[in-house]
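Enquirer: Each protein sequence line maps, in turn, to chains W and L. Using my numbering, the letters of the first sequence correspond one by one to residues 1 to 113. Using my numbering, the letters of the second sequence correspond one by one to residues 1 to 112.
Be aware that one or more of the hints could be misleading.
Stated by the list, open to error - In the DSSO-like style, the derived pairs of lysine-lysine whose C-alpha atoms are separated by at most 27 Å in a straight line are:
1. K61/L to K71/L
2. K71/L to K49/L
3. K71/L to K111/L
4. K111/L to K69/L
5. K58/L to K9/W
6. K9/W to K71/L
Derived by calculation from the structure, the hints in this document are not laboratory data.
The chain contents come next:
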Amino acid sequence: NAGVTQTPKFQVLKTGQSMTLQCAQDMNHEYMSWYRQDPGMGLRLIHYSVGAGITDQGEVPNGYNVSRSTTEDFPLRLLSAAPSQTSVYFCASSYQQGGYEQYFGPGTRLTVT
Amino acid sequence: AQSVSQHNHHVILSEAASLELGCNYSYGGTVNLFWYVQYPGQHLQLLLKYFSGDPLVKGIKGFEAEFIKSKFSFNLRKPSVQWSDTAEYFCAGRGSQGNLIFGKGTKLSVKP
């Protein structure tokens, strides 16, 4: 039982490049989400999914796309990277949407130059 | 509006000192509150959570928190901190999208 896994751990991009951050969970959780963590800002919700085939926007969705084709996977796509997207990205999952404990992945540290 | 605020940005304590980190929330509906800890270079781990019932919640590693509805507060406490408690602590509440709404975090530095 690996929990929530994320790849890569570190990534450096140039402005305008695109990439996909991978997230997978093996707990059969319905709810998955992506947060970004910036110094002094806490964690902010980018996108979330309440089940396969269903996604929705969070607080800071601009510049990011998601899809949820399976229960296990929830990739985050950066369409055209910008320096403002330099951050640490965390994927999280929970049993269902609502007041359930969320389990976090180890994070991806992204730098956009 | 839903929000969670943490009063202290950085707290510095000596080992064996008592700890209290403040957290206030502002939203209606069902109250689900959490404290997470992030050790340097690691991901967030759940310390404790409050859903209902006894307002004094005990978590892992000797931490506890008290939910005071009249004060909209959920402060984290530990009677005696250790150097290994050096970390960043986040208070969070359940958001309407099933997400967690985080405070900005409090960095705790414990001097040996």
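Enquirer: Tell me if the straight-line CA distance from K61/L to K71/L falls inside 27 Å.
Expert: holds (26 Å)
Enquirer: When you check the alpha-carbon spacing of K58/L and K9/W, does it fall within 27 Å?
Expert: Violated. K58/L to K9/W sits at ~33 Å, over the 27 Å cutoff.
Enquirer: For K9/W and K71/L, compute the direct alpha-carbon distance and say whether it is at most 27 Å.
Expert: violated (40 Å)
Enquirer: With a cut-off of 27 Å on the C-alpha distance, tell me whether K71/L and K111/L pass.
Expert: violated (31 Å)
Enquirer: Next pair to validate is K111/L with K69/L; report whether the Cα-Cα distance is within 27 Å.
Expert: violated (33 Å)
Enquirer: Has the given pair, K71/L with K49/L, been kept, meaning a C-alpha gap of at most 27 Å?
Expert: holds (18 Å)
Checked against the numbered hints listed earlier, the structure breaks hints 3, 4, 5 and 6; every other hint is satisfied.
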